[in-house]
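If you read the sequences in order, they're chains B and D. Just so you know, the first sequence maps onto residues 1 to 307 in our numbering. Just so you know, the second sequence maps onto residues 1 to 357 in our numbering.
For the record, the hints were derived by calculation from the structure and aren't laboratory data. It is possible that part of the hints are untrue.
[Said to hold, decoys possible] BS3-like mimics (lysine-lysine), calculated; alpha carbons at most 25 Å apart, straight line: (1) 198(D) to 280(D); (2) 68(D) to 154(D); (3) 113(B) to 48(D); (4) 68(D) to 280(D); (5) 154(D) to 296(B).
[What the hints assert, rightly or not] Some chain D residues flagged as far from chain B (calculated, every beta-carbon gap over 10 Å): (6) 36; (7) 62; (8) 64; (9) 133; (10) 170; (11) 171; (12) 322.
Heads up, the beta-carbon is just placed ideally off N, CA and C, and yes, glycines get one too.
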Amino acid sequence: MSLIIDVMTGAVRGGTSIMYAGLGETVSERSGVVNLGIEGSMLMGALGAYIVTVESGNPWLGVLAGALTGAFLSAIHAVLVVWRGANQFASGLTLLFLALGLTSLFGSTYVGKSVTGFSPIAIPGLSDIPFVGPVLFNQDPLVYLSFVVVPVIWFVLFRTRAGLLLRTAGERSEALSVNGYSIRTVRTWAITAGGALAGIGGAQLSIAYTQTWFENMVAGRGFIAIALVIFASWNPIIIMGGAYLFGAALALAPALQARGVIVNQFALDAIPFVLTLAVLAILGKRTLSAAPDELKRVFENAPPAKT
Amino acid sequence: MTGDVGLIPLIPERTRVVDWHRVGAVTLRWTAAILGALAIFSVLLVAKGSSPTEVFVDMWISTFGRAKSVEEIIIKMAPIVLAALAVAVPARAGLTNVGGQGQLIIGAVAAAGTALLLDGMLPGTVVFILMIVAGMTAGAAWAGIAALLRLTVKVNEAVSTLLLNFVALDLLLFLIYQPWRESSTGQPSTRELADAAKIPVVTGTGVNIGILLAVIAAAAVYFVLNYTRWGFRISVAGGNPEAARRAGMPVAALLLSALLVGGALAGLAGMINFAGTEYKLRPGFGASFGYLGFLASWLAAHKPLPILVAAFVFAALAVGGDSLQLDAQLPAATVNILTALILVAVLGWTRSKEKAL
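One chain only, chain B, in its complex shape:
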């Protein structure tokens, strides 16, 4: 039982950064644009949050900085893809390289610097509930924030006018222009907001989960988030569950090793990607039919609809 609690606690702590990035990617992809640079936005967010927290001593300012730096990087993706017609995959990978470079240049002086970020806070009462308490209610504030962000994103996407416009950009972009809206503006906002969410994910990683900064610390979590979005068929609620599932796969090896069971970490690390591929292979067409229509055009290399 203690093993399961350990693994699930680790899953929530470690899965939350992936969840934020997955939510960001969902917002972007729902508007019809893939952002492979989400890993870069996480890196920028992780460093931005770290620097501001170290310098100001206020981790909430750090989160804000993380969101802004993550948004900044994705805004470049928006400019390149939406306004300049660049290929989405090439632009996304380019921005990942940009983020790698920027964060190693400006992060080098922060390697090894200590930070007073977020620590787990037990919520009185709730944290005493067996199993659920330690897993969900003895976590850092950014984990608690995610409990709010997930339903909010769902609500915004599916129950508000802004969400309707965003999804229309992803499903039937021509309907937007017919009604006098600019597809480009809607997508620019969606991609940038997605980057901000990924930036918060990066912040959770650097100032809450690990409380440290080192070069390339995101280490592929952004790509796990991209797999997660497909795995969760572009649904914010399923993304939450999927992030914990993937997080559990990553948390299992350390928990077993702490009990003297030697496992090869890397077999477990592949689980998110193998699972997503399996889901695609088994549910193939069904998974993709959940994808926004404009995104399918990207995937099928069909020419995008005229603006």
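Dock chain D against chain B, hints included.
Below, chain D alone, put in the same frame as chain B:
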């Protein structure tokens, strides 16, 4: 580029006269793009408290002024060229192969596995040839997974090849942390490849003949894409699948073969990096040659000969990064900024805007 392919009969680019006006315009845009990238990089260096002129001069001198660095550039160029060709061939068929990195890793894993098994038993040359075969086959098979997923359940190859990159990376790490690990202490790696099976070095230099294989591959791809029936057919299948189908072309087989060829080229890149440069598998094997190749192919508009130039630029930048670390005490990864800025400029400002969303 799409759509009009069906209207072009078998008259490839060779019949076109060089349009010097266009060449001039392109050169101008590229120069502007690179100068813009350098300008922004300078601003960032100033923000960091370094002197851009000093950094650039140091970088230039230690990248091109030392024989050792120039050799290093040529060595790094080989896998980047091949990884870029691995993107360019499927791109001709309308496919996006983001999986060069994974195919490269799997190619290296297969080559290393072959060597671990056989390099003590067979003559070096035989092992060398078997490693090439194993690397290319494994790379093609890895790309083949994505091709099959696309043809059977219509999973987009950009997604599947990307995901397979990470499966390949975890497989590599899995192998070197346990089953193939040479010694349980120190950095995990496989046993070093036997000397006899290593890729021969050009006499008098430190450069292995991998670059030769890469240049031959680029020339071969150029020839095959532009002058053979298969090259023509995959571009028709990529440009207008419906027209290709009506013309009786086996579209599925064409797409499959284009992706397999791409995977084989990336697998060869991995084999060369293993048997020519690193000699053992270790964490961080293959750097990010697969992704750099992807970007080099985009920089070169998927054309084989410009790919050689783009790969040279990226290889030089990678070597320049090392000198940044030595001379200016800046992290080597800083140079990624320059790589990315050049791409941003080229992707955003040197092509027509017509395809904007």
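Tell me, in ascending order, the numbers of any earlier hints that this structure violates.
Hints 2, 10, 11 contradicted; others consistent.
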